[in-house]
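Chemist: Sequence:
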Amino acid sequence: FVSAEPVPKDVMIYRIAGPLFFGTAEKALDRAEFSNPQFRYLILDISQVPTIDLTGLVALESILLRADRYKNNVILCAKPH
Numbered sequence: 068f069v070s071a072e073p074v075p076k077d078v079m080i081y082r083i084a085g086p087l088f089f090g091t092a093e094k095a096l097d098r099a100e101f102s103n104p105q106f107r108y109l110i111l112d113i114s115q116v117p118t119i120d121l122t123g124l125v126a127l128e129s130i131l132l133r134a135d136r137y138k139n140n141v142i143l144c145a146k147p148h
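Residue numbering for the sequence shown follows this note's numbering, starting at 68 and increasing by one per position.
Be aware that a few hints might be false.
What the hints assert, rightly or not - EDC-like cross-link-like pairs, simulated, lysine to aspartate or glutamate; straight-line CA separation at most 20 Å:
1) Lys146 to Glu128
2) Lys76 to Asp120
3) Lys94 to Asp112
4) Lys94 to Asp77
5) Lys94 to Glu128
6) Lys138 to Asp77
7) Lys138 to Glu128
8) Lys146 to Asp112
9) Lys138 to Asp112
10) Lys146 to Asp120
11) Lys76 to Asp135
Claimed, not checked - Now the in silico label distances, taken between C-beta atoms and shown as ranges:
12) Lys76 to Thr118: 25 to 35 Å
13) Pro73 to Asn140: 17 to 27 Å
14) Val74 to Gln115: 12 to 22 Å
15) Pro73 to Leu121: 34 to 44 Å
16) Arg82 to Gln105: 13 to 23 Å
17) Asn103 to Pro73: 17 to 27 Å
18) Ser114 to Lys94: 15 to 25 Å
19) Val78 to Ala145: 10 to 20 Å
20) Pro147 to Pro104: 27 to 37 Å
Just so you know, the hints here were simulated from the structure itself, not pulled from any lab data. Cβ coordinates follow ideal geometry from the N, Cα and C atoms, glycine included.
With the hints as extra help, turn the sequences into a complete structure.
Modeler: Put into structure tokens, the structure is as follows:
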């Protein structure tokens, strides 16, 4: 879910809801827009993700590595359990 809220042009908000498992991780997280030098900040909201399996964790790590390559600042939002 990409935010419909107005945000500065160098900020991207991406919200994920539901479990992040093998079948959904690639679909939810394999997006070219995550690794885009036009964004200075990526706000990744996983507060509605109740569980993450190993595949979901690898996909999340991939996003963070791509963001680091483009010098994006990542803000990870999650609900404490």
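Chemist: If a hint holds in the structure, say so; if it doesn't, say that too.
Modeler: Structure-based check of each hint:
1. Lys146 to Glu128: 18 Å, holds
2. Lys76 to Asp120: 32 Å, violated
3. Lys94 to Asp112: Distance of about 16 Å is within 20 Å: holds.
4. Lys94 to Asp77: Answer violated: Lys94 to Asp77 is near 24 Å, above 20 Å.
5. Lys94 to Glu128: Judged against 20 Å, a Cα distance of about 15 Å means the pair holds.
6. Lys138 to Asp77: 12 Å, holds
7. Lys138 to Glu128: This hinted pair holds, its Cα atoms lying about 15 Å apart.
8. Lys146 to Asp112: 9 Å, holds
9. Lys138 to Asp112: 19 Å, holds
10. Lys146 to Asp120: 17 Å, holds
11. Lys76 to Asp135: 19 Å, holds
12. Lys76 to Thr118: 25 to 35 Å: 34 Å, holds
13. Pro73 to Asn140: 17 to 27 Å: Holds, since Pro73 and Asn140 (Cβ atoms, about 19 Å apart) stay within the stated range.
14. Val74 to Gln115: 12 to 22 Å: 19 Å, holds
15. Pro73 to Leu121: 34 to 44 Å: 36 Å, holds
16. Arg82 to Gln105: 13 to 23 Å: Given range 13 to 23 Å: holds, Cβ gap about 20 Å.
17. Asn103 to Pro73: 17 to 27 Å: 19 Å Cβ-Cβ, so the 17 to 27 Å window holds.
18. Ser114 to Lys94: 15 to 25 Å: 19 Å, holds
19. Val78 to Ala145: 10 to 20 Å: 18 Å, holds
20. Pro147 to Pro104: 27 to 37 Å: Holds, at about 32 Å.
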